[in-house]
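Per numbering that gives the first Met the number 0, numbering of the sequence shown is gapless, rising by one per residue and ending at 116.
Simulated from the structure, these hints should not be mistaken for laboratory data. There could be a bad hint or two in this list.
Taking CB as the label site, the calculated pair distances span [what the hints assert, rightly or not]:
#	residue 1	residue 2	range
1	E66	V43	36 to 42 Å
2	P67	R21	39 to 45 Å
3	V50	E103	31 to 37 Å
4	G68	R91	47 to 53 Å
5	G49	A69	39 to 45 Å
6	G68	G40	30 to 36 Å
7	R58	D25	25 to 31 Å
8	G30	G68	34 to 40 Å
9	E81	G51	18 to 24 Å
10	P24	L47	30 to 36 Å
11	R21	D72	25 to 31 Å
Here a beta-carbon is modelled for each residue, glycine too, at the ideal position from N, C-alpha and C.
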Amino acid sequence: MTPPVPPLEGIDGGTARPCGLRGAPDATTVGVTAGHGSRDGGVVVDVLEGVGIVVLSGRILPGAAPEPGAGCDAMLHALTVEVVLSRPVGDRIVVDAATGRAWEHGQRRGRGQSQGG
């Protein structure tokens with residue numbers, strides 16, 4: 000299946016891939032869950048809306064610089080960000096910008112789960 004939107008190029012450590020989406024199709028607010036590390040400053044989700052599509056893109060915010068000699072705890076923290084839309088999702092396709100794949104409402108993705116839409 001061809002993604003409805005081409006995926007972002009050059010996914011790096013600053014890209015937060017969404018792993019969950021919640022909200023009713025008639026709602027103007029959706030919750031997007033994405034992960035970040037313990038030393039990161041959190042997650043921001045950007046949205047681009049069109050007539051038939053909603054594109055969600057997550058970014059990891061920079062955190063404070065680690066102290067000299069401090070190690071990484073390798074923890075992934077899930078954070079749900081509320082995204083306000085200009086109108087209800089309705090029958091528009093919701094797309095993950097990192098993969099170009101469509102989301103279903105209530106769908107969760109994680110390690111070992113299919114990234115298919």
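**Prompt:** Can you give the numbers of the hints that this structure goes against, from lowest to highest?
**Reply:** 1, 3, 6, 10
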